[in-house]
Amino acid sequence: MKKVIIFLIAILPLYLLAQDTVKSNLKKVKTFVLQEGDILFQDLDCGDFCDAVETVTKGVKGARFSHVALVVKDENGKMAVIEAVSKGVSITPLDTFLHRSSDRKGNPKVIVGRMIEKYEHLIVPAVKEAFSLVGKPYDVVFKLGNDAYYCSELIHEVYKRANNGKAVFITYPMTFKDPKTNQTFDVWYYYFRDLKQPIPEGELGNSPGSISYSNKIEIVYAYGIPSGWSPATAREVVVDDED
Numbered sequence: 003m004k005k006v007i008i009f010l011i012a013i014l015p016l017y018l019l020a021q022d023t024v025k026s027n028l029k030k031v032k033t034f035v036l037q038e039g040d041i042l043f044q045d046l047d048c049g050d051f052c053d054a055v056e057t058v059t060k061g062v063k064g065a066r067f068s069h070v071a072l073v074v075k076d077e078n079g080k081m082a083v084i085e086a087v088s089k090g091v092s093i094t095p096l097d098t099f100l101h102r103s104s105d106r107k108g109n110p111k112v113i114v115g116r117m118i119e120k121y122e123h124l125i126v127p128a129v130k131e132a133f134s135l136v137g138k139p140y141d142v143v144f145k146l147g148n149d150a151y152y153c154s155e156l157i158h159e160v161y162k163r164a165n166n167g168k169a170v171f172i173t174y175p176m177t178f179k180d181p182k183t184n185q186t187f188d189v190w191y192y193y194f195r196d197l198k199q200p201i202p203e204g205e206l207g208n209s210p211g212s213i214s215y216s217n218k219i220e221i222v223y224a225y226g227i228p229s230g231w232s233p234a235t236a237r238e239v240v241v242d243d244e245d
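Note that our numbering has the sequence shown beginning at 3, numbered continuously upward.
Don't take every hint at face value.
[Unchecked claim] Capping the alpha-carbon separation at 30 angstroms, the derived lysine-lysine pairs in DSS-like fashion look like this:
(1) Lys-198 to Lys-89
(2) Lys-89 to Lys-179
(3) Lys-75 to Lys-168
(4) Lys-145 to Lys-89
In short, the hints are calculated from the structure, not lab data. All values reported here derive from a predicted model rather than from experimental measurement.
Make the full structure from the sequences, and use the hints.
Rendered as structure tokens:
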């Protein structure tokens, strides 16, 4: 009995320390402050298109991201995002963006990436570049360099411009094929057929998922739990590309 009591007394400080650590971490989460230049990765529920994107471009820690946006302050000083959507590059209120899709607990399926210290100097010029692109058309053919932008291309472009034309986020050969069958997803086949455009299979591009893996950012917060996301490792930095 004495040994048991001694053991309990010995581990009590460790238990209390662990509890204090948990409380401290929770406090940090509650006081999280979003910053301009942060990158919001979103798991949208938009049907076949989102499912196709998420299937071939898994994000950090398995998350299924289908959209991404840049945090800015609007003309009234309120937090907003600049994003490339079907109507073009647009400024969207933060609350509108966050509440497009929710997890089982009703929280936004969004995580936050932030430029690491080495690249913090790019934030202000990148935000400026993003504002300059508001009103540009959506890139319906997913082609780099045509002065139209899809969501992750916009992030790639504004940080590239901020970095004197040198890409910050790496591009990869795109695929529109189901990895299980190696056949083009039906949704993409009919999409490009209706546009009367070739499917840009293998052409360079990027995705919300590929940017989420970049070692130029760190994941600093999770508003909710995107599909496939592992909350236990929500704040790990994943190294994927090279400097």
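When the structure is checked against the list of hints, which entries are broken? Sort them ascending.
The structure conflicts with no hint, since it agrees with every one listed earlier.
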